[in-house]
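These protein sequence lines are chains X and W, in that order. Residues in the first sequence are numbered consecutively from 1, following my numbering. Residues in the second sequence are numbered consecutively from 1, following my numbering.
Simulated from the structure, these hints should not be mistaken for laboratory data. Treat the hints loosely; a few may be bogus.
What the hints assert, rightly or not - Cut-off 30 Å, straight-line C-alpha distance, at most; resulting in silico cross-link-like pairs (DSSO-like, lysine-lysine): (1) K301/X to K313/W; (2) K12/X to K248/X; (3) K10/W to K210/W; (4) K49/X to K313/W; (5) K299/X to K181/X; (6) K181/X to K230/X; (7) K2/W to K181/W; (8) K210/W to K301/X; (9) K317/X to K21/W; (10) K81/X to K313/W; (11) K82/X to K330/W; (12) K301/X to K21/W; (13) K203/W to K317/X; (14) K313/W to K82/X.
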Amino acid sequence: MSSSKLPPLTYKVVAECSVSKARAGLMTLRHSEVRTPVFMPVGTQGTMKGVLPDQLIELDCQILLGNTYHLGLRPGIETLKKAGGLHKFMSWPRAILTDSGGFQMVSLLQLAEIDEHGVNFRSPFDNSECMLTPEHSIQIQNAIGADIMMQLDDVVKTTTTGPRVEEAMERTIRWVDRCIKAHARDDEQSLFPIVQGGLEIPLRERCVSALMEKQVRGFAVGGLSGGESKHDFWRMVHVCTDHLPRDKPRYLMGVGFAADLVVCVALGIDMFDCVFPTRTARFGCALVDSGQMNLKHQKYKHDMEPIDKQCNCNTCKRYTRSYLHHIATNESVSCSLLSVHNVAYQLRLMRSMREAVLVDAFPQFVKDFMARHFGSDPIPSWIREALSAVNIELPPDASEDQAVNS
Amino acid sequence: MKFIIKSISKNSGRLGHLRIKESSELQTPLLLQTTKGGSIPYLSADVFGLVSREQQVLQLTLCTMDQMAESLDQWNRSLGDYVGYPDYNTLLLLRDPCEVTPSGGNDRDVVPLFTRRGKESLTAERYMQLVTSFAPDVYQGLCDADTNPESTKKRVQKSVDRTERFMQHCFKQHRELERLKDSTLLAPIVGGYNTFARTQSIKHAREQPKGTYGGYIFEGFHTNGIAATSLNPSQLLPIVDHCVQQIEDELPRLMPGAFTPVLMLELIRLGVDIFDTSYAYCAAVNYKALTFSYCIDKEEHSAFLDVTDEAIKEQFTPLLEGCNCLACQKHTRAYIHHLYKTNELLGPILLMIHNLHHYMGFFDVIRDSISADQLPALLDYVRHQNMSTDINYCIEPNNKTVGKAAMGKGFITAAN
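Kindly generate the complete structure, drawing on both the sequences and the hints.
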């Protein structure tokens, strides 16, 4: 079979954890193979802030995320079409995933309103009324040409309750059909529907089963990571992965804190994205197993160690915490240096999880990670509960022991 | 530091070898890599490695690094190693040639250091203390360089007198301090545009026993930043020539600043040996890619490509056709224009990659021209670029802001 006949996305589970729902997969896209679980760094406007495509390849980044709303504004779809798509425009040879643009509309534009037709908003330029419909979103994403694209969904605040949540969920299901119909490049790009349903288990279940009837190659879980309680958060992920098909990739939108990644991989998620690693870099913070290291802190002024001795990124190979302390937030090169480290950290974390699943040692990995991550601090109860739901029991907190003994 | 002159010619300047400490042999005319806070602006060490694999000398500036002094006291490896370049030699200046140095603050006993946190008044004692903390391979002597073509005779005389006093302390400390025994001191020559004052300044330095210092730094011709790109050659060149005539051939001469390519060639012809990359930086931060040609042909070339120009929005061609830097090999004018419009950090990164690559290539050609005794031909070519008039290499500040009306037409079209 010639390669053009292959579907634009194939996904294969390579190994599964015998205890939890964690899995290691291989997703083959037009532009690259992606080994899951995977973290996708965010390159909002056609660049990951301060990092060259060559550096991302050196970090073994396999897939990047681009934002449809921003790219539609600048450079605009006409320029993207003339460039031959975003891959060529930004000179990134590997895979790209784009969102629908709807989330940014609702979060960035205060005047956005949603009705059955689409997202109504006032242009930030001339204040005229505009409309982003499911068809427009797909049209722009077709011009961008990402390997994976997202349906336009009806976005409500994660903390919204009542009938509006159900309405948004039902509308999201209806909009999938409009997106599929508008999709003009199904032989090159794969469209993912988005599971909505707020924080209500029955709605999430209904949404998953409705979306599973659509002809799609993967699924996104949306409407989370927006300020809801972590106890609700993990239960929603859990119920989605319980019902989503085993043989298709699952993408949890907007999640990227290390502990959340580990828990959600245990719950059976394959793909993640988050701006946090690069955003925190701009404020002088480096990611380490114990959490965040704020290099601006005085205690690093004379610290001649690298950020992390175990890390083999170019920043840790060459620079001390002391030097980074002095340039962080002052010299723009510090943003590049810390972004490289932080992306390296996220990608390494995902690789280690994948390797642990491959040798069926994932539960032990989770226990070791949580011990390193929380140190002597108590492990949050939602993490214990979430992991317990997939049969990983964390040892009791050291401090709890002491409390009992004393 | 060892400096050996390979050739001197009447019209073509001079070629030399410089060996700093254990470094491999560096060729002069030499281009130093200018830095901010110890880093080549916008580029991490691994990205700079994609621009050049050759050994470089970093030009570090005290005004962007003074806060690191205490940390460096506790550092037991080289200064280059601390800033991410273990294999590079370091040369420490007081002021940053990339930015205009504010005027004022000089006094009988102090030189102002304009840092991120404000002004510090440096005495000669404090200065030598800082230099000791840094332990650079080469460093400049303390001087009052707050003079320019407009400075009065009285102001110029003050700069000479103060510098003499500062340097008495620097020379003494340089001889005595154990931590500086492997460092080379450059004697500052000041005196604005006044031949008499310059002669005096040179005399003060030359009164020192031979071997006290290893080279000269010409200061007080401009106050840094893009101001250096608009110096008047007919004012500057005679006074530089006057200085060069009065110093010994055997020592290298450094002249920091963002001189235009033409002025740099003129200065090289007069016998200045060491320069820095601040011109490439000043162009990049004002959204200009260097496009002047230094490989003699019959085409017309322009000095810059302005990446803010709306005309390049859909030009899917490199910044400079035929350039083999990473920015030109992998990215297009349209993309870099987009990065400018979206205010993305990758924009100045790619411009720095291109401009540094271009300027380093320029210096390779300069050295070849000198050895072929062809510098005047190169100078003439660079000056005209096959156009009928002189090319304007002056860098104007570019304060263009992206108007919202100019953004996002494509999106609105798509959504309606």
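### Query
Regarding the pair K2/W and K181/W, is the alpha-carbon distance no greater than 30 Å?
14 Å, holds
### Message
Please verify whether K317/X and K21/W have alpha carbons no more than 30 Å apart.
### Response
25 Å, holds
### Query
Can the restraint linking K299/X and K181/X be considered satisfied, given a maximum Cα separation of 30 Å?
Given pair K299/X, K181/X is violated - Cα atoms ~58 Å apart, limit 30 Å.
### Query
Are the Cα atoms of K49/X and K313/W separated by 30 Å or less?
20 Å, holds
### Query
Straight-line Cα separation of K313/W and K82/X no greater than 30 Å?
11 Å, holds
### Query
CA of K82/X to CA of K330/W, is that 30 Å or under?
17 Å, holds
### Message
K181/X and K230/X were given as a pair; does the straight-line alpha-carbon distance stay at or below 30 Å?
### Response
Measuring from Cα to Cα gives roughly 36 Å; hence the hint is violated.
### Query
Holds or violated: are the alpha carbons of K210/W and K301/X at most 30 Å from each other?
40 Å, violated
### Message
So if I understand the rule, the pair passes when the alpha-carbon distance is 30 Å or less; does K81/X with K313/W pass?
### Response
13 Å, holds
### Query
Quick one, are K12/X and K248/X close enough, alpha carbons at most 30 Å?
OK: K12/X and K248/X at ~8 Å, within 30 Å.
### Query
Is the hinted pair K301/X and K21/W satisfied, with a Cα-Cα distance of at most 30 Å?
Answer holds: K301/X to K21/W is near 29 Å, not above 30 Å.
### Query
Given the proposed pairing of K10/W with K210/W, does the C-alpha separation stay at or below 30 Å?
26 Å, holds
Violated hints for the displayed structure, listed by number in ascending order: 1, 5, 6, 8, 13.
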